[in-house]
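Number of protein chains: 2
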Amino acid sequence: MPESTAEYRPTPRTVPTRLRERAAYDRELVHGILDEAYVCHLGFVRDGAPVVLPTLYGRVGERLYVHGSTGSRPLRMTSPGGTESTESTDGETAPGLAVCLTVTHVDGLVLARAAFHHSINYRSVMVHGVARPVSDPEERRTALDAIVNHVVPGRSYDSRPANARELAATAVIRLDLDEVSAKVRTGGPHDDAEDITLPHWAGVVPLVRGYGAPVPSDDLDPGITLPDYLAGR
Amino acid sequence: MPESTAEYRPTPRTVPTRLRERAAYDRELVHGILDEAYVCHLGFVRDGAPVVLPTLYGRVGERLYVHGSTGSRPLRMTSPGGTESTESTDGETAPGLAVCLTVTHVDGLVLARAAFHHSINYRSVMVHGVARPVSDPEERRTALDAIVNHVVPGRSYDSRPANARELAATAVIRLDLDEVSAKVRTGGPHDDAEDITLPHWAGVVPLVRGYGAPVPSDDLDPGITLPDYLAGR
Numbered sequence: 639m640p641e642s643t644a645e646y647r648p649t650p651r652t653v654p655t656r657l658r659e660r661a662a663y664d665r666e667l668v669h670g671i672l673d674e675a676y677v678c679h680l681g682f683v684r685d686g687a688p689v690v691l692p693t694l695y696g697r698v699g700e701r702l703y704v705h706g707s708t709g710s711r712p713l714r715m716t717s718p719g720g721t722e723s724t725e726s727t728d729g730e731t732a733p734g735l736a737v738c739l740t741v742t743h744v745d746g747l748v749l750a751r752a753a754f755h756h757s758i759n760y761r762s763v764m765v766h767g768v769a770r771p772v773s774d775p776e777e778r779r780t781a782l783d784a785i786v787n788h789v790v791p792g793r794s795y796d797s798r799p800a801n802a803r804e805l806a807a808t809a810v811i812r813l814d815l816d817e818v819s820a821k822v823r824t825g826g827p828h829d830d831a832e833d834i835t836l837p838h839w840a841g842v843v844p845l846v847r848g849y850g851a852p853v854p855s856d857d858l859d860p861g862i863t864l865p866d867y868l869a870g871r
Numbered sequence: 639m640p641e642s643t644a645e646y647r648p649t650p651r652t653v654p655t656r657l658r659e660r661a662a663y664d665r666e667l668v669h670g671i672l673d674e675a676y677v678c679h680l681g682f683v684r685d686g687a688p689v690v691l692p693t694l695y696g697r698v699g700e701r702l703y704v705h706g707s708t709g710s711r712p713l714r715m716t717s718p719g720g721t722e723s724t725e726s727t728d729g730e731t732a733p734g735l736a737v738c739l740t741v742t743h744v745d746g747l748v749l750a751r752a753a754f755h756h757s758i759n760y761r762s763v764m765v766h767g768v769a770r771p772v773s774d775p776e777e778r779r780t781a782l783d784a785i786v787n788h789v790v791p792g793r794s795y796d797s798r799p800a801n802a803r804e805l806a807a808t809a810v811i812r813l814d815l816d817e818v819s820a821k822v823r824t825g826g827p828h829d830d831a832e833d834i835t836l837p838h839w840a841g842v843v844p845l846v847r848g849y850g851a852p853v854p855s856d857d858l859d860p861g862i863t864l865p866d867y868l869a870g871r
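Chains as they are written, first to last, in my numbering: chain A, 639 to 871; chain B, 639 to 871.
No lab work stands behind these hints: they were computed from the structure.
Note that the coordinates shown come from a computational prediction; the quantities given were computed from them, not determined experimentally.
Every residue, glycine too, gets a C-beta built ideally from N, C-alpha and C.
Certain hints may be false.
As the list claims (entries may be wrong) - Have a look at the derived ranges for each label pair, beta carbon to beta carbon:
1) B:802 / A:864: 58 to 64 Å
2) A:700 / B:795: 46 to 52 Å
3) A:777 / B:856: 49 to 55 Å
Just chain A, with the same shape it has in the complex:
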């Protein structure tokens, strides 16, 4: 997909019915939100009912990748023998699974004088689309590297790559970043004018992500020191 514009094109389902001022379509903003989170919540429909699964993911340009065991239900559902088949946008019938992939950061607790105006500051991205299995060996390797590097940037270069047995046991699915929106709330509470003088504290409690000291594996050779790419964690 040529990255021809700075923004994703809004569609009926990426334009919210409410609080439209919080919606954004900027690619850089979306990429930043996606790259900063560790898990996404992947929604799909199974037997007519929704399922929301937390899972790791990786991004390569305008493509997201999710992996899992070839035995896992959602990954099976994207395959030719799966229980779902979705018409692709270009009219050809291809295996795929309609999904909604959402990533959310909670950045702060917003305390207003009025209970009604309590909120949180957040950044979220919602991606709608059809997830399809990836079979090309090179794209599968790229996707698996991206998923490992999403957890710790650069880590794929300091670990044993997947061998043939592991690759055979791993399903990879791809979701193109095409129908995408971000939602962002920042700033303080929005109390009504008549509530400003109420005797309640109002403001924001920021939330930050922290890292504890890395815990080496019990069986780690004591001669192996903490790599530089973990020093900042």
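Following the hints, position chain B against chain A.
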């Protein structure tokens, strides 16, 4: 619902096809995971496609509550005039929306010698069920208090309660904790025996939630000091 047992009863959709040892049904464990998170990811089906929406929630015993504007799409869908109607378990047709509500904590990054064995430590809860609108005024008040107290425990007692206009603009839906499972991963990486001597650092990088110093609202009366219930944040 009488809380007669210490565990939720597993159902076909709460028993995973893989990694069954990570699944748990203990009520206290589930309550703890739910109470510690700020947002859930609420999945539902709209026009045949999945939607995953991050949203605040509150818990009262074995019931979860979600609120929103009466104009918001998922909340409208639970109402009698909505686009979805689901047969309730007791056979009567009642308005409702089939949902899957998922909450996830990322507790650590798990670095193995093998790329294949990279993982995260996490605690998640998945609730399946039918969300129904709450119309009883007392239950609506209880639910809204629970949602505010979920953000900051005790805060509903130090804020202006919703007035009639705000209550009229707020939809509340309920999801019973009935078909529920938790999944938990803890501990270090599980490398294959032949990989233990590889020259890669292995272990866990813990993630912790941190709070920044509370930021008072610009228009806060300087005479109002930080309440005790925020001192620990």
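Now for the hints, and whether the structure bears them out:
Hint check: residue 802 (chain B) to residue 864 (chain A), Cβ distance near 59 Å, so the stated range 58 to 64 Å holds. Checked against the given bound of 46 to 52 Å, the beta carbons of residue 700 (chain A) and residue 795 (chain B), roughly 48 Å apart, stay inside it. Judged by the Cβ atoms, the range 49 to 55 Å given for residue 777 (chain A) and residue 856 (chain B) holds: they are separated by roughly 50 Å.
Figure legend: structure checked against the earlier numbered hints; every hint is met.
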